[in-house]
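Chemist: As you go down the protein sequences, you meet chains R, X and G in turn. Residue numbers for the first sequence, in this note's numbering: 410 to 525. Residue numbers for the second sequence, in this note's numbering: 410 to 525. Residue numbers for the third sequence, in this note's numbering: 410 to 525.
These aren't lab readings, by the way, just hints derived from the structure by calculation. Check the hints yourself; a few may be wrong.
[What the hints assert, rightly or not] Over the 12 Å line for every Cβ pair with chain X, so calculated as not near, a few chain G residues: (1) 462; (2) 486; (3) 490; (4) 491; (5) 517.
[Unchecked claim] Think about it this way: if two alpha-carbon atoms lie no more than 30 Å apart in a straight line, the pair counts; the simulated DSSO-like pairs of lysine-lysine are: (6) R:511 with G:511; (7) G:511 with X:511; (8) R:511 with X:511; (9) R:511 with R:461; (10) X:461 with X:511.
A quick note: this is a predicted structure, and the numbers were derived from the prediction, not measured. Glycine residues also receive a C-beta, built at the ideal position from the N, C-alpha and C atoms.
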Amino acid sequence: MTLTRLNPTARYADATVFNGLVHAVEVPAEESGDITAQTISLLGLLEQTLEKAGSGRERLLMATIYLVDMADYDGMNAVWEAWLPAGAAPSRACVQVARLAKPGWRVEMAVTAAQR
Amino acid sequence: MTLTRLNPTARYADATVFNGLVHAVEVPAEESGDITAQTISLLGLLEQTLEKAGSGRERLLMATIYLVDMADYDGMNAVWEAWLPAGAAPSRACVQVARLAKPGWRVEMAVTAAQR
Amino acid sequence: MTLTRLNPTARYADATVFNGLVHAVEVPAEESGDITAQTISLLGLLEQTLEKAGSGRERLLMATIYLVDMADYDGMNAVWEAWLPAGAAPSRACVQVARLAKPGWRVEMAVTAAQR
Numbered sequence: 410m411t412l413t414r415l416n417p418t419a420r421y422a423d424a425t426v427f428n429g430l431v432h433a434v435e436v437p438a439e440e441s442g443d444i445t446a447q448t449i450s451l452l453g454l455l456e457q458t459l460e461k462a463g464s465g466r467e468r469l470l471m472a473t474i475y476l477v478d479m480a481d482y483d484g485m486n487a488v489w490e491a492w493l494p495a496g497a498a499p500s501r502a503c504v505q506v507a508r509l510a511k512p513g514w515r516v517e518m519a520v521t522a523a524q525r
Numbered sequence: 410m411t412l413t414r415l416n417p418t419a420r421y422a423d424a425t426v427f428n429g430l431v432h433a434v435e436v437p438a439e440e441s442g443d444i445t446a447q448t449i450s451l452l453g454l455l456e457q458t459l460e461k462a463g464s465g466r467e468r469l470l471m472a473t474i475y476l477v478d479m480a481d482y483d484g485m486n487a488v489w490e491a492w493l494p495a496g497a498a499p500s501r502a503c504v505q506v507a508r509l510a511k512p513g514w515r516v517e518m519a520v521t522a523a524q525r
Numbered sequence: 410m411t412l413t414r415l416n417p418t419a420r421y422a423d424a425t426v427f428n429g430l431v432h433a434v435e436v437p438a439e440e441s442g443d444i445t446a447q448t449i450s451l452l453g454l455l456e457q458t459l460e461k462a463g464s465g466r467e468r469l470l471m472a473t474i475y476l477v478d479m480a481d482y483d484g485m486n487a488v489w490e491a492w493l494p495a496g497a498a499p500s501r502a503c504v505q506v507a508r509l510a511k512p513g514w515r516v517e518m519a520v521t522a523a524q525r
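Input sequences plus hints: build the corresponding full structure.
Modeler: This is the structure we're talking about:
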């Protein structure tokens with residue numbers, strides 16, 4: 410079956426598509442900004458990627474949310490809940506890790522979604 | 410293709426089902442208790458969710474296990490191995506994170522399973 | 410639909426296969442060695458598992474890379490990028506966790522791949 414990659418570099422692709430399943434990972438565009446700004450940035454980028462992959466924010470199956478400080482939990486959730494369409498929340502894990510690849514990043518999300 | 414969600418809130422669903430695949434995340438019912446009690450609680454809840462999703466503990470494909478203290482590794486494994494049917498272990502990652510959403514939680518599991 | 414497991418123990422399987430999807434997790438063969446040696450070891454083992462599962466390194470959909478020290482990021486990436494076929498990078502998350510199951514392990518990878 411066909412495997413499609415969006416913008417593959419030598420290290421990673423923005424998303425992969427196989428058999429109706431989309432895998433994507435997103436980080437904020439900037440290392441600056443508080444958790445609100447970073448989550449808004451991340452979800453905006455993620456939405457663009459999901460749309461290009463034939464999916465959308467109403468088609469999320471699973472999200473893994475990595476925070477670097479659980480004190481950001483409420484701020485992240487406020488943006489997350491406002492962004493999700495009603496009734497469309499995925500299965501979700503949220504953990505605090507030691508750090509992310511760039512020191513300024515406060516959040517990273519990995520998602521599995523269904524194509525429309 | 411149809412995407413089904415179990416008990417979606419504004420933040421997350423207990424599970425999602427798409428194309429024969431189930432995604433679910435579970436935590437213990439209580440923040441109190443040692444790793445044995447918390448793992449028993451978690452797997453009991455997970456089993457209920459898997460059954461409602463048309464799957465079961467013998468149909469796990471992948472499990473990601475987040476601990477907050479690797480000293481809990483043996484205790485978690487003892488419950489895990491007793492719970493899994495013979496020959497039905499999934500692919501599995503187990504890592505120690507900095508913390509989980511609630512300070513008393515010692516374990517969180519994210520799983521992908523196949524419907525029956 | 411058929412669910413196949415590769416080398417299931419009481420705790421985990423090397424890989425699972427369901428509906429064209431492969432889930433696998435790999436760690437280095439040894440706890441000794443720097444990040445270069447450990448990543449080479451891990452990817453060599455992963456490739457064997459993927460091939461047995463009817464997949465391969467050119468069919469990765471998603472990779473989650475757990476490091477114990479983000480100072481290993483460049484070393485891991487160098488091996489990773491040399492190992493991946495051109496144009497075949499998956500969606501990828503990379504986080505620093507507090508520790509892995511064995512104290513000497515510097516890297517663990519969980520992947521989802523497509524069968525050929």
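Chemist: Now look at each hint and say whether the structure bears it out.
Modeler: Do the hints match the structure? See the list:
1. For residue 462 (chain G), the shortest C-beta to C-beta distance to chain X comes to about 10 Å, within the 12 Å cut-off, and the non-interface label is violated.
2. The Cβ of residue 486 (chain G) lies farther than 12 Å from every Cβ of chain X, with a closest approach of about 19 Å, so its non-interface assignment holds.
3. With a cut of 12 Å on Cβ distances, residue 490 (chain G) stays outside the contact zone with chain X, its closest approach being about 22 Å.
4. Listed as a non-interface residue, residue 491 (chain G) keeps its Cβ farther than 12 Å from every Cβ of chain X; the least gap is roughly 24 Å.
5. For residue 517 (chain G), the requirement that its beta carbon stay farther than 12 Å from each beta carbon of chain X is not met, with the minimum near 6 Å.
6. A hinted pair counts as satisfied when its Cα atoms are at most 30 Å apart, and residue 511 (chain R) with residue 511 (chain G) qualifies at roughly 26 Å.
7. The suggested pairing of residue 511 (chain G) with residue 511 (chain X) holds, with an alpha-carbon distance near 26 Å, which does not exceed 30 Å.
8. Taking the CA atoms of residue 511 (chain R) and residue 511 (chain X), the gap is near 26 Å; set against the 30 Å cutoff, the hint holds.
9. This hinted pair checks out: residue 511 (chain R) and residue 461 (chain R) have alpha carbons roughly 26 Å apart, not beyond 30 Å.
10. Annotation: proposed proximity of residue 461 (chain X) to residue 511 (chain X) holds, straight-line Cα distance about 26 Å (limit 30 Å).
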